[in-house]
Structures are given as structure tokens and as C-alpha cells.
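S.K.: Sequence:
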Amino acid sequence: MPDINDILKKARPREHTVRICLAGDVAAEVERLEAQLAAVSEWKPNSIAEQHPGVELAKKISAAREKMREAEIEFTFRALGAKAWSDLVAQHPSEAEDQAWDADTLAPALVAASSVDPVMSQEQVDELFEQLNNGQRDELIGAAWSVNGEATSVPFSLAASAILASHTGGK
Numbered sequence: 001m002p003d004i005n006d007i008l009k010k011a012r013p014r015e016h017t018v019r020i021c022l023a024g025d026v027a028a029e030v031e032r033l034e035a036q037l038a039a040v041s042e043w044k045p046n047s048i049a050e051q052h053p054g055v056e057l058a059k060k061i062s063a064a065r066e067k068m069r070e071a072e073i074e075f076t077f078r079a080l081g082a083k084a085w086s087d088l089v090a091q092h093p094s095e096a097e098d099q100a101w102d103a104d105t106l107a108p109a110l111v112a113a114s115s116v117d118p119v120m121s122q123e124q125v126d127e128l129f130e131q132l133n134n135g136q137r138d139e140l141i142g143a144a145w146s147v148n149g150e151a152t153s154v155p156f157s158l159a160a161s162a163i164l165a166s167h168t169g170g171k
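Quick note: the sequence shown, position 129, residue 129 per our numbering, numbers continuous.
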């Protein structure tokens with residue numbers, strides 16, 4: 001039977017990392033190029049010497065997608081301890097009787113409190129949120145909620161299992 005002191009030595013707060021692309025202008029460029037590529041899907045050459053206009057567009061899309069990957073920033077969140085969580089919730093009471101906290105104020109505060117890489121103050125989170133769209137904000141807020149509220153289990157990876165099965169003959 002394990003000793004609690006040994007268990008405590010092994011215990012680490014849960015962490016979760018998300019990647020957010022901060023190059024909104026490049027994302028728009030990819031969308032524009034994708035629309036142009038879709039518009040030439042029915043293209044037919046007038047001669048065998050003509051190159052499909054989609055080839056050049058596909059190259060531009062590939063380059064723009066690489067710029068998007070380069071503009072992605074990793075945000076790592078770590079679960080708060082029980083006291084820090086309780087204190088944070090207490091700082092954001094809800095005016096509604098059926099809610100334990102004010103989600104509108106707690107969510108960005110939780111992002112600031114849980115973010116460990118990069119470390120962010122509440123003011124910096126507020127400034128960042130002014131630059132992000134709703135989906136990006138939701139992704140950061142979701143990561144902060146997840147790391148603090150979801151249990152940790154060993155995840156199943158379909159992709160890893162498929163690769164291992166194909167290289168080991170299913171063994």
C-alpha cells in the first residue's frame with residue numbers, strides 16, 4: 001500500500017498548453033487565397049502548355065500557413081491550489097443567486113492566475129483580450145478552466161495508436 005508521503009512527493013499540478021495564432025492579418029490572407037483557389041476549381045486549360053492557376057495559389061497558401069504557424073504562441077496554464085482557487089472565486093461573486101461566481105470577471109482573472117508561460121497580469125490579459133477575437137479568448141479561457149476543473153487521466157491517442165500499429169504489425 002502506498003504511503004501518502006510518497007504520493008505527495010509525486011503530485012504535480014495539472015498543466016495544459018494551447019497555441020494561439022496572433023497573426024490575424026495572415027489568417028485573413030489564407031482565407032482570401034483559399035477562396036481564390038476554390039474559384040479556379042473548375043479551370044480547364046486551353047493548351048497543354050498552360051499551368052493550372054491553382055498551383056501558384058497553393059504555393060502562396062502554403063507560405064501563408066507557415067507564417068501562421070510561426071505566429072502561433074504557446075500559452076501554458078497550471079492548476080491553482082484549492083486555497084488559491086477559493087480565494088479567486090471569492091473575489092468574483094455573482095449578483096445572481098443561482099450562480100457561485102461572476103463568469104464574466106472570473107474567466108479573465110483565471111487566465112491571469114493560471115498562466116505560467118507566459119506569466120500575465122490581469123492588466124496584460126485585458127490588453128491581450130482586446131487584440132483577440134472571441135474564439136481565441138474562449139480558447140485561452142477554456143484552457144484555464146480545463147486545467148483547474150477537469151480530472152487528469154491517461155489520454156487515448158488514435159493517431160499515435162495507428163502509427164504504432166502500422167510500424168509494429170499491431171503488436
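Think of the hints as simulated: they come from the structure by calculation, not from any bench.
Where hints are given, some of them may not hold.
[Unchecked claim] Under the rule of at most 27 Å between Cα atoms (straight-line distance), these lysine-lysine pairs were calculated in the BS3-like manner: (1) Lys83 with Lys10; (2) Lys83 with Lys9; (3) Lys44 with Lys60; (4) Lys59 with Lys44.
[As the list claims (entries may be wrong)] Derived CB-CB ranges, DEER-like: (5) Asp87 with Glu56: 31 to 41 Å; (6) Glu127 with Lys83: 21 to 31 Å; (7) Leu164 with Asp102: 45 to 55 Å.
Bear in mind that the values here come from a model prediction, so they are computed numbers and not experimental data.
Beta carbons are placed, not taken as given, at the ideal position from N, Cα and C, and that holds for glycine.
S.K.: Indicate, hint by hint, whether the structure satisfies it.
M.R.: Okay, the hints, checked on the actual structure:
no., hint, verdict
1, Lys83 with Lys10, "holds (20 Å)"
2, Lys83 with Lys9, "holds (19 Å)"
3, Lys44 with Lys60, "holds (21 Å)"
4, Lys59 with Lys44, "holds (19 Å)"
5, Asp87 with Glu56: 31 to 41 Å, "violated (57 Å)"
6, Glu127 with Lys83: 21 to 31 Å, "holds (28 Å)"
7, Leu164 with Asp102: 45 to 55 Å, "holds (46 Å)"
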